[in-house]
Structures are given as structure tokens and as C-alpha cells.
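The residues making up each chain are set out below.
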Amino acid sequence: MRAQTLDAFQVIADPSRRQMMQLLSKDSMTINALAENFDMSRPAVSKHIKIMYNAGFISIKDIGRERYCTLKQDGFNELQEFINFFDKFWISKLKKLEALLNNKAKP
Amino acid sequence: MQKEIKHSWHFNQSPKEVWEYLTRPELLEQWLMKSDFQPIVGHKFRFIGGCNHDDKEAASCEVLEVSPYTQLAYSWRTNSLYDSKPFDSKVVWTLIPKEDGTELRLVHDGFTVLEDAVAHNDGWTRIGNKFAEHLNGVKI
Numbered sequence: 001m002r003a004q005t006l007d008a009f010q011v012i013a014d015p016s017r018r019q020m021m022q023l024l025s026k027d028s029m030t031i032n033a034l035a036e037n038f039d040m041s042r043p044a045v046s047k048h049i050k051i052m053y054n055a056g057f058i059s060i061k062d063i064g065r066e067r068y069c070t071l072k073q074d075g076f077n078e079l080q081e082f083i084n085f086f087d088k089f090w091i092s093k094l095k096k097l098e099a100l101l102n103n104k105a106k107p
Numbered sequence: 108m109q110k111e112i113k114h115s116w117h118f119n120q121s122p123k124e125v126w127e128y129l130t131r132p133e134l135l136e137q138w139l140m141k142s143d144f145q146p147i148v149g150h151k152f153r154f155i156g157g158c159n160h161d162d163k164e165a166a167s168c169e170v171l172e173v174s175p176y177t178q179l180a181y182s183w184r185t186n187s188l189y190d191s192k193p194f195d196s197k198v199v200w201t202l203i204p205k206e207d208g209t210e211l212r213l214v215h216d217g218f219t220v221l222e223d224a225v226a227h228n229d230g231w232t233r234i235g236n237k238f239a240e241h242l243n244g245v246k247i
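Read top to bottom, the protein sequences are chains W and C. Reminder that position 99 of the first sequence reads as 99 in the numbering used here, one-by-one numbering, no gaps. Take any residue in the second sequence, note its place counting from 1, add 107, and you have its number in the numbering used here.
Simulated from the structure, these hints should not be mistaken for lab results. As the structure is a prediction and not an experimental result, all values here were calculated from the model. Among the hints, erroneous ones may be present.
[What the hints assert, rightly or not] Dumping the calculated DSS-like pairs for lysine-lysine here, alpha-carbon to alpha-carbon at most 25 Å:
id, chain 1, residue 1, chain 2, residue 2
1, W, Lys88, C, Lys197
2, C, Lys197, W, Lys93
3, W, Lys93, C, Lys113
4, C, Lys205, C, Lys113
5, C, Lys123, W, Lys96
6, C, Lys113, W, Lys96
7, W, Lys95, C, Lys205
Input sequences plus hints: build the corresponding full structure.
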């Protein structure tokens, strides 16, 4: 099935996907076991899984005839990167303000 | 995971002088960005340009608090780095008078997308911890 590639923010914006990740935060689960917790079609569950997989939030491993989903770090890193981006942004701006005010102080 | 940005900066100038640089558009432009800011609660304004020095809107904001020479707060709606989905956050400046100048504190937090993901639902704390665990590589 085709699933769009969404960014980390779009991935976590969906309540069902957040719930899936919450379940996966307890333990790895098969897609079937995960699907049992949701009142939606199996293809719909698969689509969410594909989206989380594409964005690096989960990994999928085939064990026997089952597919196991496990939480993965990459997707979460993207969220942290965003915060880091702003962190650096403000540091550079505050340095600029400091330089401005220091220059102003000189006669 | 880290959900807020905090910085504390010392300036040799008085809170009044620092305040000017936080609230006058012609001064803001010199160190932050172009804007149509006005120190009036409820005033909606935009920051233009930013790190790429282009004329794209960097953030659309609304003034939330103006306590002259003491505290200034505005909402900060921006785009994520990877798409055009806007989301909200909040910037708060606090000026603390010191003997030799001013301590300027910045808190940028309330990233709604993150909070929505990490804080809202009951039981969501668990995934919040998991986020942190993943990010820090250590067990909490």
C-alpha cells in the first residue's frame, strides 16, 4: 500500500498514531496485535504503520510469519532537532544584541 | 525530551535600554528580524526574514504581555523545518535589574505540537519518558 512520507510533526499530530506509539513504548508488538486495539480496518492500521515507519518512528522486523513493530529513535530525533534549531537561533541573536549594545556603549 | 529553550544573558545596559531593543522595530531589526511589532497587548505582528535573510515570514505573533522594563511575552507561530505546517509556541522575555546592568532571560516554550504529543493524554507521560529515553540514550 502507498503511504505518504510525513515529517515527524505530522506523524505525531494524529491521535491514532500517538496511541500506537504509546502501545509500542511498552513493548514490541505484531501488526495484528496492534490492530486489535483499534476500531479501524487492517489496511488503515497498515497505512499508519507505514507512515510511522517512513518517518523513522518504528522499525519492522519479520519473525516467522509475523511482522513485529518496535519504536525507533530517528523520528524522535527530528523533533529534538527542531528545538535545537531554535536554541541555536536565539543564541546567535542574543550574541548579536550583545555586540550591538556593547558597541553603543563606546563613545 | 527538552521541550523549552531557556537562556539568560547579561548586559551592561539598564533594563530600560535593553527594553528598547526588545520593543522598537527599528532596533529589533538590527539584531533579530524585521517586524511590525508594537508593545500593545493583543497586537498581531510578524517577523520577516530571519536566518536566511530573505523576505519570507519567519513567525506570526501576537503580543500577550507588556510590563515595561520587566516582562514581554508574545505568541510565536512558525513552520516546522520540514513542511509548512504551522504551530504555536510562546516567547517570554524577562528583564531583571542588576547592579551592573540587566539580566535578560528568554524562555521559548509551549511548542504545541510537542506538548500535544508528549503531555496531553493521561498515560502519555509514558511515551514522554520513552521519548526522553530514546533521545538521551539512557533509562529513566
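Against the structure, the hints come out as follows:
1. Between Lys88 of chain W and Lys197 of chain C, the direct Cα distance comes to roughly 17 Å. Compliance with the 25 Å bound is thereby established for this hinted pair.
2. Taken as a hint, the Lys197 of chain C and Lys93 of chain W pair is honoured in the structure, with Cα atoms around 17 Å apart against an allowance of 25 Å.
3. About 13 Å separates the Cα atoms of Lys93 of chain W and Lys113 of chain C, which keeps this hinted pair within 25 Å; it holds.
4. A distance of roughly 19 Å separates the Cα atoms of Lys205 of chain C and Lys113 of chain C; the hinted pair therefore holds under the 25 Å criterion.
5. For the hint pairing Lys123 of chain C with Lys96 of chain W, the CA-to-CA distance comes to about 18 Å; that is within 25 Å, so the pair holds.
6. Our distance criterion of 25 Å between C-alpha atoms is met by Lys113 of chain C and Lys96 of chain W, whose separation comes to about 17 Å.
7. For the hint linking Lys95 of chain W to Lys205 of chain C, the alpha-carbon distance of about 19 Å falls within 25 Å, and the restraint holds.
Hint compliance for this structure: every hint is met.
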